[in-house]
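*Asks:* Spelled out from the first residue to the last, the chains are:
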Amino acid sequence: MSTDIDRQWTSRLRRSVVAKLPPDKLLPDTQPAYVASWIYVFGVTTMAALGVVIATGCILALDGPQWWHSSSLGHFVNSLHLWSVEIFFFAMVIHLWGKFAMAAWRGGRSLTWVTGAITFMVSILTAFTGYVSQTNFDSQWIATQAKDGINSTGGGAFFNVLNLGQMLMWHIVLLPIGAVLLTVLHVVMVRVKGVVPPIVETVELSA
Amino acid sequence: MAQGWGLGALINLNHYGHYLQWHVFSISVANLLVIIVMIATFVAALVAPFPGRRNRKGPQ
Ligand code: HEM
Chain A
1 MSTDIDRQWT SRLRRSVVAK LPPDKLLPDT QPAYVASWIY VFGVTTMAAL
51 GVVIATGCIL ALDGPQWWHS SSLGHFVNSL HLWSVEIFFF AMVIHLWGKF
101 AMAAWRGGRS LTWVTGAITF MVSILTAFTG YVSQTNFDSQ WIATQAKDGI
151 NSTGGGAFFN VLNLGQMLMW HIVLLPIGAV LLTVLHVVMV RVKGVVPPIV
201 ETVELSA
Chain B
208 MAQGWGLGAL INLNHYGHYL QWHVFSISVA NLLVIIVMIA TFVAALVAPF
258 PGRRNRKGPQ
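Residue numbers (our numbering), protein chains in the order written: chain A, 1 to 207; chain B, 208 to 267.
Simulated from the structure, these hints should not be mistaken for lab results.
Backbone N, C-alpha and C fix where the C-beta goes; we use that ideal spot for every residue, glycine too.
Take these hints with a grain of salt, some might be off.
Within a straight-line C-alpha distance of at most 25 Å, the following computed SDA-like cross-link-like pairs (lysine to any residue) qualify [what the hints assert, rightly or not]:
no., chain 1, residue 1, chain 2, residue 2
1, A, Lys147, B, Ile234
2, A, Lys147, B, Phe232
3, A, Lys147, B, Val231
4, A, Lys25, B, Asn238
5, A, Lys147, B, Asn238
6, A, Lys20, A, Val180
7, A, Lys25, B, Phe257
8, A, Lys193, B, Ala252
9, A, Lys147, B, Ser235
Computed, partial: chain B to chain A, Cβ under 10 Å [stated by the list, open to error]:
no., residue
10, Ala216
11, Asn219
12, Leu220
13, Tyr223
14, Gly224
15, Val244
16, Met245
17, Ala252
18, Val254
19, Pro256
20, Pro258
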């Protein structure tokens with residue numbers, strides 16, 4: 001018989017979270033032998049790069065949207081921000097190729113694939129809004145080119161690439177929050193489902 | 208100007224980008240190089256031996 005305490009939402013939530021993702025599944029000690037391959041390193045490389053992108057972005061945010069053009073520390077942090085973004089996309093695309101080749105969406109892992117794909121698109125939007133938030137001639141040029149494209153879709157009525165304030169807000173608040181939340185969901189899904197078995201193994205099992 | 212820019216001088220980037228053009232397709236040499244390095248990294252990740260693989264045991 002369930003008591004009132006069993007029925008309250010905190011108890012129910014705790015039970016379902018622990019059942020879905022017990023601690024040894026969340027932070028496992030071992031992985032199947034086939035995970036000992038370099039191709040599995042690219043997910044965590046992407047995550048590490050994302051960490052550096054966010055940390056350096058927070059430093060860039062400290063003193064307003066222009067200081068990095070006129071200080072050597074600013075140039076340095078700006079460069080770290082740019083180059084960790086390059087590593088982020090580099091690793092993410094190799095990660096994507098790897099998961100595509102493994103058909104890693106098999107066995108109920110579609111949410112893992114889909115959150116990955118949406119994170120990819122959100123990251124591209126984040127990069128684009130970053131390009132127009134540089135506060136230099138490059139960003140002005142990119143914004144004036146981009147406005148024609150986006151205005152032809154009608155989207156410019158709400159998403160105005162010439163509006164630095166709006167672009168900066170999207171770049172440093174909305175899109176990073178989206179990218180991080182999606183990444184957390186993505187990695188939690190990997191932990192919930194476990195690493196996908198090799199294709200030959202599934203074929204043998206289902207035969 | 209050169210002082211303090213030792214690392215940047217490794218490759219001189221102080222010029223317009225080089226572009227390759229084939230009919231309507233156009234790509235900068237820099238972007239093409241990055242794509243080639245990505246493909247090379249992908250292939251290397253598949254074939255390069257992973258350290259410690261031999262004596263590692265999976266859970267099953
Ligand atoms: C911010 C971007 C991303 C991050 C931080 C990230 C991170 C990770 C990590 C850490 C893993 C587990 C380790 C591994 O297998 O590498 C993983 C697995 C996976 N990723 Fe991503 N990923 C990202 C983007 C993507 C994209 C763009 C796709 C494909 C559209 C994708 C598809 C997958 C799939 C299907 C798995 C599960 C693999 C399995 O079950 O064996 N990910 N991801």
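*Asks:* Against this structure, judge whether each hint is valid.
*Replies:* Taking the hints in turn, this is what the structure says about them:
The straight-line distance between the Cα atoms of Lys147 of chain A and Ile234 of chain B is roughly 22 Å, inside the 25 Å bound, and the hint therefore holds. Distance check on the hinted pair: Lys147 of chain A and Phe232 of chain B sit about 23 Å apart at the alpha-carbon level, within 25 Å; holds. Between Lys147 of chain A and Val231 of chain B the CA atoms are separated by roughly 23 Å; this keeps the pair inside 25 Å, and the hint holds. For the suggested pair Lys25 of chain A and Asn238 of chain B, the alpha carbons sit about 40 Å apart, so the restraint of at most 25 Å is broken.
Taking the CA atoms of Lys147 of chain A and Asn238 of chain B, the gap is near 24 Å; set against the 25 Å cutoff, the hint holds. Among the hinted pairs, Lys20 of chain A with Val180 of chain A is consistent with the structure: their alpha-carbon atoms are about 22 Å apart, no more than 25 Å. Between Lys25 of chain A and Phe257 of chain B the alpha-carbon distance is near 24 Å, which keeps this suggested pair within the 25 Å criterion. Between the alpha carbons of Lys193 of chain A and Ala252 of chain B the distance comes to roughly 24 Å, so the proposed pair stays at or under 25 Å and holds.
Restraint check for Lys147 of chain A and Ser235 of chain B: satisfied, since their Cα atoms lie roughly 23 Å apart, inside the 25 Å limit. Interface restraint check for Ala216 of chain B: the shortest CB-CB distance to chain A comes to about 15 Å, outside 10 Å, so the restraint is violated. Here the hint on Asn219 of chain B is broken, as its CB sits about 17 Å from the closest CB of chain A, past 10 Å. Interface restraint check for Leu220 of chain B: the shortest CB-CB distance to chain A comes to about 13 Å, outside 10 Å, so the restraint is violated.
Taking 10 Å as the C-beta cut-off, the interface hint given for Tyr223 of chain B is violated, the closest approach to chain A being about 14 Å. Taking 10 Å as the C-beta contact cut-off toward chain A, the hint placing Gly224 of chain B at the interface is violated, the least distance being around 13 Å. Nearest Cβ of chain A to the Cβ of Val244 of chain B: about 8 Å, under the 10 Å cut. The hint holds. Restraint check, Met245 of chain B versus chain A: the minimum CB separation of about 6 Å is within 10 Å; hint holds.
Residue-level restraint check for Ala252 of chain B holds (minimum Cβ-Cβ distance to chain A is 4 Å; threshold 10 Å). For Val254 of chain B, the suggested interface contact is upheld, since its CB lies about 9 Å from the closest CB of chain A, less than 10 Å. Of the supplied interface hints, the one on Pro256 of chain B holds, with its beta-carbon coming within about 9 Å of a beta-carbon of chain A, less than 10 Å. This hint holds: Pro258 of chain B has a C-beta 9 Å from the nearest C-beta of chain A, less than the 10 Å allowed.
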